[in-house]
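Asks: Sequence:
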Amino acid sequence: MGQRIRDDGETAKLWDLIKDITVAMMTTMDENDVLRSRPMAINQDRFDGELWFFTYASSHKVLEVRKHQAVNVSFAEPEDQHYVSVSGTAELVRDKAKAKELWNEYLRTWFPKGLDDPDLALIKVTVEQAEYWDSPSSAVVHAVGYVKSLVTGEPPKMGENKKLNF
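In the numbering used here, each residue carries its 1-based index in the sequence shown increased by 60.
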(Lines of atoms letter the chains of each structure in order from A and count residues from 1; the text may use other names and numbers.)
(Lines give C-alpha, C1' and ligand atoms only; values in the text may rest on other atoms or scores of the structure.)
Protein backbone atom coordinates (compact mmCIF):
# COMPACT_ATOMS: atom_id res chain seq x y z
CA MET A 1 0.00 0.00 0.00
CA GLY A 2 2.38 2.91 -0.53
CA GLN A 3 5.53 0.82 -0.54
CA ARG A 4 5.77 1.30 -4.31
CA ILE A 5 6.11 5.06 -4.08
CA ARG A 6 8.97 6.64 -5.97
CA ASP A 7 11.21 8.93 -3.97
CA ASP A 8 12.99 10.75 -6.75
CA GLY A 9 10.88 13.92 -6.57
CA GLU A 10 8.71 12.97 -9.53
CA THR A 11 5.91 11.65 -7.31
CA ALA A 12 5.85 14.97 -5.47
CA LYS A 13 5.70 16.78 -8.81
CA LEU A 14 2.81 14.56 -9.93
CA TRP A 15 0.89 15.22 -6.69
CA ASP A 16 1.61 18.94 -6.96
CA LEU A 17 -0.01 18.95 -10.41
CA ILE A 18 -3.19 17.09 -9.39
CA LYS A 19 -3.78 17.94 -5.72
CA ASP A 20 -5.92 21.01 -6.44
CA ILE A 21 -7.90 19.44 -9.29
CA THR A 22 -11.02 18.24 -7.50
CA VAL A 23 -12.66 16.41 -10.40
CA ALA A 24 -10.94 13.83 -12.60
CA MET A 25 -12.26 11.72 -15.45
CA MET A 26 -12.10 7.97 -14.76
CA THR A 27 -12.17 5.71 -17.81
CA THR A 28 -13.25 2.09 -17.53
CA MET A 29 -14.21 -0.57 -20.06
CA ASP A 30 -17.88 -1.56 -20.14
CA GLU A 31 -19.42 -4.98 -20.74
CA ASN A 32 -19.16 -4.46 -24.53
CA ASP A 33 -15.45 -3.58 -24.27
CA VAL A 34 -16.21 0.07 -24.97
CA LEU A 35 -14.31 2.76 -23.09
CA ARG A 36 -16.47 4.92 -20.78
CA SER A 37 -15.40 8.00 -18.87
CA ARG A 38 -17.15 9.77 -16.05
CA PRO A 39 -16.27 12.59 -13.65
CA MET A 40 -15.09 11.49 -10.23
CA ALA A 41 -14.19 13.65 -7.23
CA ILE A 42 -10.77 13.13 -5.75
CA ASN A 43 -10.61 13.76 -2.04
CA GLN A 44 -7.27 13.00 -0.45
CA ASP A 45 -4.56 15.14 1.08
CA ARG A 46 -1.52 13.14 0.00
CA PHE A 47 -0.44 10.74 -2.71
CA ASP A 48 1.32 7.48 -1.91
CA GLY A 49 0.84 5.66 -5.21
CA GLU A 50 -2.93 5.25 -4.80
CA LEU A 51 -5.91 7.37 -5.77
CA TRP A 52 -9.19 7.03 -3.86
CA PHE A 53 -12.73 7.75 -5.04
CA PHE A 54 -16.09 7.39 -3.30
CA THR A 55 -18.77 5.41 -5.11
CA TYR A 56 -21.83 3.29 -4.57
CA ALA A 57 -20.94 -0.41 -4.53
CA SER A 58 -24.01 -1.06 -6.68
CA SER A 59 -22.94 1.41 -9.40
CA HIS A 60 -22.34 0.36 -12.98
CA LYS A 61 -18.69 1.46 -12.87
CA VAL A 62 -18.06 -1.06 -10.09
CA LEU A 63 -19.31 -3.85 -12.35
CA GLU A 64 -16.97 -2.57 -15.07
CA VAL A 65 -14.00 -2.45 -12.68
CA ARG A 66 -14.69 -6.00 -11.54
CA LYS A 67 -14.58 -7.20 -15.15
CA HIS A 68 -11.65 -5.05 -16.33
CA GLN A 69 -9.47 -3.70 -13.54
CA ALA A 70 -7.33 -1.53 -15.83
CA VAL A 71 -8.45 2.11 -15.67
CA ASN A 72 -7.24 5.54 -16.65
CA VAL A 73 -7.76 8.68 -14.61
CA SER A 74 -7.14 12.00 -16.32
CA PHE A 75 -6.76 15.42 -14.76
CA ALA A 76 -6.85 18.81 -16.50
CA GLU A 77 -6.33 22.34 -15.26
CA PRO A 78 -6.34 24.40 -18.47
CA GLU A 79 -5.93 27.71 -16.64
CA ASP A 80 -2.56 26.58 -15.28
CA GLN A 81 -1.74 24.33 -18.26
CA HIS A 82 -1.48 21.19 -16.08
CA TYR A 83 -2.51 17.88 -17.66
CA VAL A 84 -2.03 14.44 -16.14
CA SER A 85 -2.94 10.94 -17.31
CA VAL A 86 -2.71 8.10 -14.79
CA SER A 87 -3.05 4.39 -15.62
CA GLY A 88 -3.53 1.75 -12.99
CA THR A 89 -5.52 -1.07 -11.49
CA ALA A 90 -8.84 -0.39 -9.78
CA GLU A 91 -10.60 -2.34 -7.08
CA LEU A 92 -13.65 -1.91 -4.87
CA VAL A 93 -12.77 -1.34 -1.22
CA ARG A 94 -15.23 -1.50 1.67
CA ASP A 95 -13.24 -0.04 4.54
CA LYS A 96 -15.16 2.20 6.96
CA ALA A 97 -11.97 3.52 8.57
CA LYS A 98 -10.51 4.55 5.20
CA ALA A 99 -13.85 6.08 4.15
CA LYS A 100 -13.94 8.08 7.39
CA GLU A 101 -10.35 9.24 6.83
CA LEU A 102 -11.18 10.50 3.31
CA TRP A 103 -14.69 11.81 4.00
CA ASN A 104 -15.47 15.50 3.47
CA GLU A 105 -18.91 16.96 4.06
CA TYR A 106 -19.16 18.30 0.50
CA LEU A 107 -19.40 14.63 -0.58
CA ARG A 108 -22.84 14.55 1.03
CA THR A 109 -24.09 16.24 -2.16
CA TRP A 110 -23.62 12.90 -3.96
CA PHE A 111 -23.92 10.63 -0.95
CA PRO A 112 -26.73 12.13 1.17
CA LYS A 113 -26.71 9.32 3.75
CA GLY A 114 -23.01 9.93 4.36
CA LEU A 115 -20.77 7.35 5.96
CA ASP A 116 -23.80 5.45 7.26
CA ASP A 117 -24.94 4.47 3.76
CA PRO A 118 -24.58 0.67 3.47
CA ASP A 119 -23.93 1.03 -0.28
CA LEU A 120 -21.08 3.52 0.19
CA ALA A 121 -17.71 2.18 -0.93
CA LEU A 122 -14.37 3.30 -2.33
CA ILE A 123 -12.59 2.65 -5.58
CA LYS A 124 -8.85 2.43 -5.05
CA VAL A 125 -6.67 2.97 -8.10
CA THR A 126 -3.16 1.63 -7.66
CA VAL A 127 -1.10 3.77 -10.01
CA GLU A 128 1.17 1.90 -12.42
CA GLN A 129 2.08 4.65 -14.87
CA ALA A 130 1.54 8.37 -15.18
CA GLU A 131 2.33 11.03 -17.71
CA TYR A 132 2.13 14.75 -17.23
CA TRP A 133 2.35 17.91 -19.25
CA ASP A 134 3.18 21.07 -17.34
CA SER A 135 3.39 24.24 -19.39
CA PRO A 136 3.81 27.85 -18.41
CA SER A 137 0.39 29.46 -18.20
CA SER A 138 1.45 33.03 -18.92
CA ALA A 139 0.00 34.57 -22.09
CA VAL A 140 3.35 36.31 -22.63
CA VAL A 141 5.22 32.99 -22.55
CA HIS A 142 2.79 31.51 -25.07
CA ALA A 143 3.11 34.57 -27.32
CA VAL A 144 6.92 34.37 -27.24
CA GLY A 145 6.72 30.65 -28.06
CA TYR A 146 4.38 31.37 -30.97
CA VAL A 147 6.68 34.05 -32.41
CA LYS A 148 9.73 31.84 -31.97
CA SER A 149 7.90 29.03 -33.76
CA LEU A 150 7.10 31.35 -36.68
CA VAL A 151 10.74 32.44 -36.94
CA THR A 152 12.37 29.01 -36.57
CA GLY A 153 9.68 26.89 -38.19
CA GLU A 154 9.83 24.50 -35.23
CA PRO A 155 7.19 23.91 -32.58
CA PRO A 156 7.91 25.71 -29.32
CA LYS A 157 9.23 23.89 -26.29
CA MET A 158 6.52 25.13 -23.99
CA GLY A 159 6.88 23.03 -20.89
CA GLU A 160 7.69 19.74 -19.30
CA ASN A 161 6.39 16.32 -20.36
CA LYS A 162 7.40 13.20 -18.41
CA LYS A 163 6.34 9.57 -18.19
CA LEU A 164 6.59 7.86 -14.80
CA ASN A 165 6.52 4.17 -13.92
CA PHE A 166 5.52 3.12 -10.43
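No lab work stands behind these hints: they were computed from the structure. Treat the hints with caution; some may be incorrect.
To be verified - Between beta-carbon pairs, the in silico distance windows are:
1) P178 / D140: 16 to 26 Å
2) P178 / P138: 36 to 46 Å
3) V94 / T149: 13 to 23 Å
4) E220 / R154: 34 to 44 Å
5) P178 / K222: 26 to 36 Å
6) E70 / H120: 29 to 39 Å
7) W170 / D80: 33 to 43 Å
8) K222 / D176: 35 to 45 Å
9) K173 / K222: 34 to 44 Å
10) G69 / E137: 16 to 26 Å
11) M85 / K127: 26 to 36 Å
12) T186 / D76: 32 to 42 Å
13) W193 / S118: 17 to 27 Å
No residue lacks a Cβ here, since even glycine has one placed at the ideal position from N, Cα and C.
Asks: So does E220 sit 34 to 44 Å from R154, Cβ to Cβ?
Replies: Holds - the Cβ-Cβ distance for E220 and R154, about 38 Å, lies within 34 to 44 Å.
Asks: Could you check the hint for me, namely that P178 and K222 are 26 to 36 Å apart, CB to CB?
Replies: Once the Cβ atoms are compared, 42 Å apart, the range 26 to 36 Å for K222 and P178 is violated.
Asks: Lying within 16 to 26 Å: is that true of the beta-carbon distance P178 to D140?
Replies: For P178 and D140 the Cβ distance comes to about 39 Å; the hint is violated.
Asks: Could you tell me whether the CB distance from V94 to T149 stays inside 13 to 23 Å?
Replies: Given range 13 to 23 Å: holds, Cβ gap about 20 Å.
Asks: Is 17 to 27 Å a correct range for the gap between the Cβ atoms of W193 and S118?
Replies: Check failed, 36 Å falls outside 17 to 27 Å.
Asks: Look at the Cβ atoms of M85 and K127 and judge whether their distance stays inside 26 to 36 Å.
Replies: At roughly 19 Å between Cβ atoms, K127 and M85 fall outside 26 to 36 Å, so the hint is violated.
Asks: May I ask you to test the hint 32 to 42 Å on the CB atoms belonging to T186 and D76?
Replies: Violated - the Cβ-Cβ distance for T186 and D76, about 20 Å, lies outside 32 to 42 Å.
Asks: Does the beta carbon distance between W170 and D80 stay inside 33 to 43 Å, or does it fall outside?
Replies: With a Cβ separation near 20 Å, W170 and D80 fall outside 33 to 43 Å, so the hint is violated.
Asks: If you check the beta carbons of K222 and D176, does the distance land in 35 to 45 Å?
Replies: holds (42 Å)
Asks: Holds or violated: the 36 to 46 Å window for the beta-carbon distance between P178 and P138?
Replies: Holds, at about 39 Å.
Asks: Look at the Cβ atoms of G69 and E137 and judge whether their distance stays inside 16 to 26 Å.
Replies: Since the Cβ atoms of G69 and E137 sit about 20 Å apart, the hinted range of 16 to 26 Å holds.
Asks: Okay, K173 versus K222 on CB: inside 34 to 44 Å?
Replies: The hint (34 to 44 Å, Cβ to Cβ) holds, given that K173 and K222 are roughly 41 Å apart.
In summary, the structure is inconsistent with hints 1, 5, 7, 11, 12 and 13 from the numbered list given earlier, while agreeing with the others.
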